[in-house]
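**Q** All chains, please: the whole structure from these sequences, using the hints.
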Amino acid sequence: MTFPKKLSSSYWFNHLKFTQPKIITFDAYNTLYCTTLPVMEQYSNEAKKCGIDVPAQVLTERFPKCFSKIKEKYPNYGKFSGMDADEWWSILIRDIFKPHKVPNEIVQNILKRFEGKQAYAVYPDVLELLQFLKENHPEVVIGIISNTDPKVYKLLENLGILKYFENFTYFSYDLELSKPDTRFFEFVFKDIIKKRPNILQDKESLSTLKTKCWHVGDELKNDLQGAQAAGWNSVLIDRNNSHGYLDENVLIGSKFSDHNLSIQKVDQTMSKIWESCKDEDSGVQLTTTSFILPNLYAFKQFFF
1 MTFPKKLSSS YWFNHLKFTQ PKIITFDAYN TLYCTTLPVM EQYSNEAKKC
51 GIDVPAQVLT ERFPKCFSKI KEKYPNYGKF SGMDADEWWS ILIRDIFKPH
101 KVPNEIVQNI LKRFEGKQAY AVYPDVLELL QFLKENHPEV VIGIISNTDP
151 KVYKLLENLG ILKYFENFTY FSYDLELSKP DTRFFEFVFK DIIKKRPNIL
201 QDKESLSTLK TKCWHVGDEL KNDLQGAQAA GWNSVLIDRN NSHGYLDENV
251 LIGSKFSDHN LSIQKVDQTM SKIWESCKDE DSGVQLTTTS FILPNLYAFK
301 QFFF
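The UniProt record's numbering puts the sequence shown at residues 1 to 304.
Derived from the structure by calculation, the hints contain no laboratory data. One or more of the hints may lead you astray.
[Claimed, not checked] Per label pair, the in silico range of CB-to-CB distance:
no.: 1; residue 1: Pro-99; residue 2: Gln-131; range: 39 to 49 angstroms
no.: 2; residue 1: Asn-136; residue 2: Gly-82; range: 39 to 49 angstroms
no.: 3; residue 1: Thr-269; residue 2: Asn-158; range: 17 to 27 angstroms
no.: 4; residue 1: Gly-231; residue 2: Asp-53; range: 46 to 56 angstroms
no.: 5; residue 1: Pro-99; residue 2: Lys-5; range: 49 to 59 angstroms
no.: 6; residue 1: Ser-271; residue 2: Pro-103; range: 24 to 34 angstroms
no.: 7; residue 1: His-137; residue 2: Gln-57; range: 42 to 52 angstroms
[Unchecked claim] In silico DSS-like cross-links for lysine-lysine, where the CA-CA straight-line distance does not exceed 25 angstroms:
no.: 8; residue 1: Lys-65; residue 2: Lys-79
no.: 9; residue 1: Lys-48; residue 2: Lys-98
no.: 10; residue 1: Lys-71; residue 2: Lys-221
no.: 11; residue 1: Lys-278; residue 2: Lys-265
no.: 12; residue 1: Lys-203; residue 2: Lys-71
no.: 13; residue 1: Lys-117; residue 2: Lys-134
no.: 14; residue 1: Lys-163; residue 2: Lys-195
no.: 15; residue 1: Lys-98; residue 2: Lys-73
no.: 16; residue 1: Lys-195; residue 2: Lys-210
no.: 17; residue 1: Lys-101; residue 2: Lys-73
no.: 18; residue 1: Lys-49; residue 2: Lys-117
no.: 19; residue 1: Lys-221; residue 2: Lys-69
no.: 20; residue 1: Lys-203; residue 2: Lys-190
no.: 21; residue 1: Lys-300; residue 2: Lys-134
no.: 22; residue 1: Lys-212; residue 2: Lys-194
no.: 23; residue 1: Lys-79; residue 2: Lys-151
no.: 24; residue 1: Lys-151; residue 2: Lys-73
no.: 25; residue 1: Lys-65; residue 2: Lys-221
no.: 26; residue 1: Lys-300; residue 2: Lys-163
no.: 27; residue 1: Lys-212; residue 2: Lys-134
no.: 28; residue 1: Lys-117; residue 2: Lys-48
no.: 29; residue 1: Lys-265; residue 2: Lys-98
no.: 30; residue 1: Lys-195; residue 2: Lys-212
no.: 31; residue 1: Lys-98; residue 2: Lys-112
no.: 32; residue 1: Lys-151; residue 2: Lys-117
no.: 33; residue 1: Lys-134; residue 2: Lys-194
no.: 34; residue 1: Lys-151; residue 2: Lys-65
no.: 35; residue 1: Lys-163; residue 2: Lys-212
no.: 36; residue 1: Lys-163; residue 2: Lys-151
The beta carbon of each residue, even a glycine, is placed where N, CA and C say it ideally should be.
**A** Next comes the structure, spelled out in structure tokens:
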């Protein structure tokens with residue numbers, strides 16, 4: 001078979017049914033949930049309430065540079081610099097608004113907003129899949145592998161989905177490893193076996209078990225390629241076709257620059273993305289073990 005290969009839903013349903021996964025891990029932001037409004041529009045709105053008027057587009061253009069700068073100066077959300085995640089995000093917020101001096105009230109309002117449903121919403125297909133797995137396939141371990149900070153624990157709880165992942169949440173902040181580092185995936189693999197030793201049945205080898213591990217995320221390098229390099233199967237959920245593979249007659253790489261992809265990640269609106277992807281059911285097979293799909297409805301049909 002020549003790759004990449006376009007796949008209709010009927011084709012993969014009839015010809016590409018895989019062995020049921022034993023382990024499924026998900027990225028968090030833009031895979032499980034998305035912003036209700038673009039991030040910087042929400043920042044701008046909170047600032048306006050306190051008399052500071054900066055257009056969202058200005059903040060959006062500043063975001064990638066400011067984010068990269070603070071990541072370099074204070075790696076891993078400030079863990080090694082004597083600050084907590086709230087302090088780290090506070091520095092970023094103030095930097096994005098420069099030259100305006102942002103009072104603490106605005107910073108705290110933004111931080112509070114991004115702890116729950118004011119700022120984020122869970123994709124409908126995510127809720128359906130998680131509930132389906134819990135009710136029908138409790139033997140499947142589902143977890144989260146994300147380059148993020150501990151604030152996401154509270155967010156997941158407030159969004160009502162932390163309960164689905166039990167104690168299988170793995171964040172770069174805690175492990176001091178980041179995707180696409182293969183050591184991140186290897187740690188998760190070993191930790192799941194440690195916590196669920198019965199996942200290895202009938203003298204199944206570790207290499208065989210790994211063929212039943214799938215990672216699902218929205219980033220080509222960190223999620224799809226990172227998982228593949230670690231020996232996992234991988235699925236890129238590309239809800240708005242950022243990488244171009246889901247175009248009607250085009251099989252290409254990313255149609256956006258890294259800069260534009262960075263902006264796109266913070267410039268999302270749940271309702272628009274969901275409307276554009278919810279009825280899509282065709283995908284692309286990149287390799288024997290990696291796929292690009294438009295939503296998790298397609299993923300569910302693919303395996304279950």
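**Q** Hint by hint, note whether the structure agrees.
**A** Consistency of the hints with the structure:
For Pro-99 and Gln-131, the Cβ-Cβ distance of about 48 angstroms falls inside the hinted range of 39 to 49 angstroms, so the restraint holds. For the pair Asn-136 and Gly-82, the beta carbons lie near 47 angstroms from each other, so the given range of 39 to 49 angstroms is met. Distance hint check: the CB atoms of Thr-269 and Asn-158 are about 20 angstroms apart, consistent with the given range 17 to 27 angstroms. Our hint of 46 to 56 angstroms for Gly-231 and Asp-53 holds, since their Cβ atoms are close to 51 angstroms apart.
Remark: the range hint 49 to 59 angstroms for Pro-99 to Lys-5 is upheld by a beta-carbon distance near 51 angstroms. Taken as a hint, the range 24 to 34 angstroms holds for the pair Ser-271 and Pro-103, whose Cβ atoms sit roughly 31 angstroms apart. Separation of His-137 from Gln-57 is about 44 angstroms and conforms to the stated range, judged on CB atoms against 42 to 52 angstroms. Proximity of Lys-65 to Lys-79 is assessed by CA-CA distance (about 21 angstroms); at most 25 angstroms being required, the pair is judged to hold.
Distance hint between Lys-48 and Lys-98 is fulfilled; the C-alpha atoms sit about 15 angstroms from each other, no more than 25 angstroms. A threshold of 25 angstroms between alpha carbons decides the hint, and for Lys-71 with Lys-221 the separation of about 18 angstroms falls inside it, so the pair holds. The straight-line distance between the Cα atoms of Lys-278 and Lys-265 is roughly 19 angstroms, inside the 25 angstroms bound, and the hint therefore holds. For the hint linking Lys-203 to Lys-71, the alpha-carbon distance of about 44 angstroms lies beyond 25 angstroms, and the restraint is violated.
Taking the CA atoms of Lys-117 and Lys-134, the gap is near 23 angstroms; set against the 25 angstroms cutoff, the hint holds. Of the supplied pair hints, the one linking Lys-163 and Lys-195 holds, its CA atoms being roughly 17 angstroms apart against a limit of 25 angstroms. For the given pair, Lys-98 sits about 18 angstroms from Lys-73 by alpha-carbon distance, which is consistent with the 25 angstroms threshold. Between Lys-195 and Lys-210 the alpha-carbon distance is near 16 angstroms, which keeps this suggested pair within the 25 angstroms criterion.
Our distance criterion of 25 angstroms between C-alpha atoms is met by Lys-101 and Lys-73, whose separation comes to about 21 angstroms. For the suggested pair Lys-49 and Lys-117, the alpha carbons sit about 19 angstroms apart, so the restraint of at most 25 angstroms is met. For the hint pairing Lys-221 with Lys-69, the CA-to-CA distance comes to about 21 angstroms; that is within 25 angstroms, so the pair holds. For a cut-off of 25 angstroms, the pair hint linking Lys-203 to Lys-190 stands: about 16 angstroms separates their Cα positions.
The hinted pair formed by Lys-300 and Lys-134 meets the criterion: a straight-line CA distance of about 13 angstroms does not exceed 25 angstroms. For the suggested pair Lys-212 and Lys-194, the alpha carbons sit about 17 angstroms apart, so the restraint of at most 25 angstroms is met. Restraint check: the Cα-Cα separation between Lys-79 and Lys-151 comes to about 13 angstroms, which is no more than 25 angstroms; the hinted pair holds. Distance check on the hinted pair: Lys-151 and Lys-73 sit about 20 angstroms apart at the alpha-carbon level, within 25 angstroms; holds.
Between the alpha carbons of Lys-65 and Lys-221 the distance comes to roughly 20 angstroms, so the proposed pair stays at or under 25 angstroms and holds. The hinted pair formed by Lys-300 and Lys-163 meets the criterion: a straight-line CA distance of about 20 angstroms does not exceed 25 angstroms. A distance of roughly 18 angstroms separates the Cα atoms of Lys-212 and Lys-134; the hinted pair therefore holds under the 25 angstroms criterion. Proximity of Lys-117 to Lys-48 is assessed by CA-CA distance (about 20 angstroms); at most 25 angstroms being required, the pair is judged to hold.
Between Lys-265 and Lys-98 the alpha-carbon distance is near 21 angstroms, which keeps this suggested pair within the 25 angstroms criterion. For the given pair, Lys-195 sits about 17 angstroms from Lys-212 by alpha-carbon distance, which is consistent with the 25 angstroms threshold. Proximity of Lys-98 to Lys-112 is assessed by CA-CA distance (about 21 angstroms); at most 25 angstroms being required, the pair is judged to hold. Our distance criterion of 25 angstroms between C-alpha atoms is met by Lys-151 and Lys-117, whose separation comes to about 14 angstroms.
With a C-alpha separation of about 21 angstroms, the suggested pair Lys-134 and Lys-194 falls inside the 25 angstroms cut-off, and the hint holds. With a C-alpha separation of about 22 angstroms, the suggested pairing of Lys-151 with Lys-65 holds against the 25 angstroms cut-off. Between Lys-163 and Lys-212, the direct Cα distance comes to roughly 23 angstroms. Compliance with the 25 angstroms bound is thereby established for this hinted pair. As the CA atoms of Lys-163 and Lys-151 are separated by approximately 16 angstroms, the hinted pair is consistent with the 25 angstroms bound.
Violation of the numbered hints given earlier is confined to hint 12; every other hint is satisfied by the structure.
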